[in-house]
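Going down the list, the protein sequences come from chains E and A.
Residues 14 to 266 (my numbering) make up the first sequence, in order.
Residues 412 to 890 (my numbering) make up the second sequence, in order.
Warning: the hint list may mix true and false statements.
Here are a few chain A residues that sit away from chain E, every Cβ distance over 10 Å (derived from the structure) [stated by the list, open to error]:
| no. | residue |
| --- | --- |
| 1 | 494 |
| 2 | 596 |
| 3 | 710 |
To be clear about the criterion: a stretch of chain E counts as covered by chain A if any three or more of its residues have a C-beta under 8 Å from a C-beta of chain A, and this derived list gives those stretches [as the list claims (entries may be wrong)]:
| no. | segment |
| --- | --- |
| 4 | 26-32 |
| 5 | 185-199 |
Okay, the calculated beta carbon distance ranges per label pair [said to hold, decoys possible]:
| no. | chain 1 | residue 1 | chain 2 | residue 2 | range |
| --- | --- | --- | --- | --- | --- |
| 6 | A | 460 | E | 152 | 20 to 28 Å |
| 7 | E | 152 | A | 632 | 29 to 37 Å |
| 8 | A | 611 | E | 131 | 34 to 42 Å |
| 9 | A | 825 | E | 181 | 53 to 61 Å |
| 10 | E | 152 | A | 508 | 39 to 47 Å |
| 11 | E | 185 | A | 500 | 45 to 53 Å |
| 12 | A | 562 | E | 241 | 21 to 29 Å |
No lab work stands behind these hints, which were simulated from the structure alone.
In this text, all values refer to a predicted model and were calculated from it rather than measured experimentally.
Ideal Cβ positions, reconstructed from N, Cα and C, are used throughout, including at glycine.
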Amino acid sequence: MQINFGGREIAIKLVYYGPALSGKTTNLRSLHQMTTEGSRGRLMTLETKDDRTLFFDMLPLTFRAGGAGGGGARSEGDRGMTLRVKIFTVPGQVLHASTRRLVLQGADAIAFIADSQISETEHNAASFLDLRQNLSELGLSLKQLPVVIQFNKRDLEHVRSDDEIGALARRGREPVFKAAAVQGQGVLETFFGLLHLTWTKLDAEHQLAKMIGVESTQLLPMAARQLGLEGDVSTLLSACVGGSLDRHAKVPA
Amino acid sequence: MTAGVPDVLVEDVLLDGRLRIEDLVDRQGLDEVCRSFHALFGIPVRIYSAEGALLADAAGEQELCAYVNTTPDGRKACASVVGAVRARDPGESGDVVHPCFTGAAYRILAIEYDGRRVGRLIVGPFMPHTIVEPPASLLAIDPAISAERAKSLLPKMPRAKAETVTRIAAHLKSALDLILFSGHKAHVTSTMHLASVRESYRQLEEKAGRLQEAFDRLKELDRLKSNFLATVSHELRTPLTSIIGYSEMLAEGLAGELRPEQQEFVATIHEKGEQLLSLIMGLLDLGKLESGTMRLAMRPTHIEVVLGEVVSTLTPTARKKGVRLQLDLGRSLAELRGDPERLRQVFLNLVENAIKFTPVDGSVTLRARMVADESGDGQDDGLSLLAPTRARLEVRVEDTGIGIPARERERVFDPFYQIDSSSTREYGGTGLGLSIVKRLVEGHSGTIRIEDNTPRGTTFVVSLPQAMPTVAEAPRVTV
């Protein structure tokens with residue numbers, strides 16, 4: 014996270030992690046399509062064709078809270094604040110380890126995009142262990158970071174059953190969302206689940222809401238409105254099938 | 412392993428990089444884009460950075476403006492309008508119109524990228540299509556301005572409807588956005604690429620560091636091992652000398668006559684004792700060679716004498732095994748500078764080995780020849796300076812034995828190395844001989860290598876430099 018007091022801006026970094034071809038980029042594309050033009054930037058896909066050293070996507074989203082409201086341009090003297098969210102995907106392929114670690118640096122939260130297909134179970138686990146390893150090399154741990162898990166590709170056959178995922182999710186700590194990112198299902202739910210955890214944690218640690226004069230509970234609904242979303246954010250969050258969305262509500266001891 | 416402090420550069424670029432137009436686009440290219448817009452729509456276009464610097468300018472002076480500028484008050488008024496336009500903020504909406512007293516107008520639009528204002532686009536002056544007569548504000552500026560002249564110049568001003576200007580501006584902005592995005596992407600790519608290379612380099616360095624540590628530790632262990640070996644060998648030799656000595660005395664009957672069976676037992680004790688002693692001597696030699704404390708007594712040496720002794724010593728062994736042992740000496744073999752004792756040790760070892768690994772009815776041949784020195788680096792440059800000045804003597808020990816696979820040829824000279832540990836049981840030996848041989852040959856500034864002996868078997872090639880004829884004799888050399 015970076016806070017710019019003068020510009021009243023907060024920038025946070027969300028990373029979509031997961032095995033190759035689990036649908037991380039598809040999540041970003043869907044999110045990009047679903048959001049309004051005012052709040053999103055271009056989806057940047059970086060791919061160096063020759064040596065494939067780099068391979069990742071970046072989607073910038075910009076939310077305005079308080080002040081005059083609304084997206085887009087603003088002038089000096091407006092006392093609102095801007096929340097800039099940058100969502101990154103990491104390259105899933107094993108050989109991009111160094112890029113993965115670079116993208117992971119300074120991440121505020123992680124959405125782990127798992128592939129629901131039974132055949133991919135091991136790849137999911139390997140990628141999760143890889144995530145843990147990379148974080149520890151960066152001096153971070155999964156315990157410090159908000160994490161949500163998405164079981165993607167629910168629309169395919171030969172996937173792990175809802176019951177199975179439900180049972181696993183209830184045992185785990187991390188909130189779990191089900192998705193079919195190709196059809197846009199579960200994408201916003203995952204994003205808002207992650208944004209909720211992230212905001213709650215950062216707010217608790219840095220008293221962001223107090224500092225910028227925004228009600229903590231107002232941020233998510235505002236973000237949702239600016240993404241062109243009708244209805245209640247809590248409906249989105251209720252799609253979560255396990256884990257806890259409140260675990261970062263308290264200031265860590 | 413911890414990467415430590417996150418890369419500030421990468422973080423800045425990825426998370427909250429403050430982007431400036433001038434960092435993302437080529438100024439000249441931007442100017443060309445504006446000129447092409449100007450050429451296409453006839454309306455002047457300017458681009459300013461967020462800090463107010465003019466980045467691109469495609470605006471020729473309009474005739475009407477030039478005319479107004481010929482009058483003192485007109486010039487003043489014009490400068491004030493231009494200054495106001497340049498300073499004007501496009502406001503909350505990011506799009507404002509600034510009027511000119513001539514009736515013309517300027518559109519000032521915010522250029523946004525990544526949710527931030529990065530500059531301003533100024534379109535104009537253009538004449539709104541509603542204005543057909545020179546307005547009163549123009550004529551009032553300076554009494555010298557003629558209404559007639561102004562009216563004749565008015566139609567030459569670029570004209571546009573507000574919607575047209577909006578469309579043109581939107582088009583230019585979207586083109587600009589794409590240019591900025593491309594620039595941004597290239598910036599991110601190069602930064603990440605650099606960071607990625609740096610990260611890989613860091614990993615490699617770490618790995619190299621760990622390897623170096625392991626290497627240093629192994630070297631230290633190796634040194635300790637050599638010391639230990641030398642000490643133990645030395646300690647073993649003393650009691651062994653007594654064992655051999657007393658068994659000799661027993662055999663000679665100094666302690667009374669022995670029965671044949673006792674004689675045989677004592678002979679075995681003596682023989683095994685000698686074997687053990689030669690092994691221990693080998694270990695001591697190796698220890699000395701490794702620590703560099705072996706001293707060679709160098710003196711003029713004739714290789715034919717050395718080789719002759721070796722052959723006569725080993726002929727009984729060869730005969731016993733049914734292997735032919737031949738000596739083939741070339742003509743005019745040069746004199747060497749060497750330690751004949753140690754050279755004898757070298758060839759004894761090689762020939763003994765060759766006999767050991769050659770089956771019945773095979774042959775072992777020792778050939779000595781003079782050859783041109785090939786120790787140069789194989790390149791022609793500087794030959795007149797670098798060409799070797801001495802010939803070399805090459806001794807080949809050829810056998811028709813089991814051979815040594817090409818990939819093993821370097822390793823057989825390592826101490827204790829044996830190609831196949833089962834060969835120790837079959838052929839005996841400690842694996843020390845060749846490592847000592849190699850070090851002794853190198854102590855004579857020589858080389859040793861292994862070649863095939865077609866159709867079967869192995870050839871050890873020992874190459875030794877001819878003695879320097881003019882150099883005075885130095886008594887001893889430390890290897």
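Now for the hints, and whether the structure bears them out:
Non-interface status of residue 494 of chain A relative to chain E is upheld: no Cβ of that chain comes within 10 Å, the nearest being about 20 Å off. Here residue 596 of chain A does not stay apart from chain E, with its beta-carbon only about 6 Å from theirs, under the 10 Å limit. Interface exclusion of residue 710 of chain A from chain E stands, the closest Cβ pair being 62 Å apart, more than 10 Å. Under a criterion of three residues with beta carbons nearer than 8 Å to beta carbons of chain A, the stated coverage of the segment 26-32 of chain E fails, only 1 such residues being counted.
A stretch counts as covered by a chain when three or more of its residues have a beta carbon under 8 Å from one of that chain; for the segment 185-199 of chain E and chain A the count is 0, and the coverage is violated. Between residue 460 of chain A and residue 152 of chain E the C-beta distance comes to about 39 Å, which lies outside the given range of 20 to 28 Å. Between residue 152 of chain E and residue 632 of chain A the beta carbons are some 34 Å apart, a value that agrees with the proposed interval 29 to 37 Å. Roughly 35 Å separates the CB atoms of residue 611 of chain A and residue 131 of chain E, a value that falls within the hinted 34 to 42 Å.
At about 55 Å, the beta-carbon gap between residue 825 of chain A and residue 181 of chain E stays in the expected band of 53 to 61 Å. Evaluation of the 39 to 47 Å hint for residue 152 of chain E and residue 508 of chain A yields a failure: the beta carbon distance comes to about 54 Å. Roughly 52 Å separates the CB atoms of residue 185 of chain E and residue 500 of chain A, a value that falls within the hinted 45 to 53 Å. Checked against the hint of 21 to 29 Å, the C-beta distance between residue 562 of chain A and residue 241 of chain E comes to roughly 51 Å, which is inconsistent with it.
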